[in-house]
Amino acid sequence: MKHTLLILISALVLLGAEETHAQTLNIAKQGDKAVLFNFVGLSTLSLNAYQGGIGGKYFIADGMAIRAMLLFGIDNRTTSGTPQFTDNSLSFGIGGGLEYHLPVATNISPYF
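Heads up: the sequence shown runs through residues -17 to 94, numbered per this note's numbering.
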């Protein structure tokens, strides 16, 4: 039992060491691009209003990007009773911003 446990722990340590060496640090550089998407709605299958969007970002400098997004929303609700009411709504939006990534030496990149 002790021998099996020792082999298992050794394998996990070696696997963790190999995984550490396999990681490469990827930092966004000037000229890099990314696609953005947003999906909200259908929470817990309650079929809430759908709101979604798509956009992109472009790094204008190392760690700094400009971003833009187009948004779309739709909602249909019918209330039962006398009289019966139906409420339909459709929404569009546009968004933009500046994104600054904090300089850290890991693959996790906090930004604001």
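None of these hints come from the bench; they were simulated from the model. Glycine residues also receive a C-beta, built at the ideal position from the N, C-alpha and C atoms. Don't take each hint at face value.
What the hints assert, rightly or not - Pairwise CB distance ranges (calculated):
(1) 56 to 17: 50 to 58 Å
(2) 38 to -5: 36 to 44 Å
(3) 61 to 34: 55 to 63 Å
(4) -5 to 43: 16 to 24 Å
(5) 14 to 94: 44 to 52 Å
(6) 84 to 17: 45 to 53 Å
(7) 79 to 13: 15 to 23 Å
(8) 66 to 13: 13 to 21 Å
(9) 54 to 8: 47 to 55 Å
(10) 33 to 13: 25 to 33 Å
(11) -10 to 60: 56 to 64 Å
(12) 40 to 62: 43 to 51 Å
Hint by hint, here is what the structure shows:
no., hint, in the structure
1, 56 to 17: 50 to 58 Å, "violated, 22 Å"
2, 38 to -5: 36 to 44 Å, "holds, 42 Å"
3, 61 to 34: 55 to 63 Å, "violated, 25 Å"
4, -5 to 43: 16 to 24 Å, "violated, 41 Å"
5, 14 to 94: 44 to 52 Å, "violated, 18 Å"
6, 84 to 17: 45 to 53 Å, "violated, 22 Å"
7, 79 to 13: 15 to 23 Å, "holds, 19 Å"
8, 66 to 13: 13 to 21 Å, "violated, 56 Å"
9, 54 to 8: 47 to 55 Å, "violated, 31 Å"
10, 33 to 13: 25 to 33 Å, "holds, 31 Å"
11, -10 to 60: 56 to 64 Å, "holds, 59 Å"
12, 40 to 62: 43 to 51 Å, "holds, 49 Å"
In this structure, the hints that do not hold are numbers 1, 3, 4, 5, 6, 8 and 9, in rising order.
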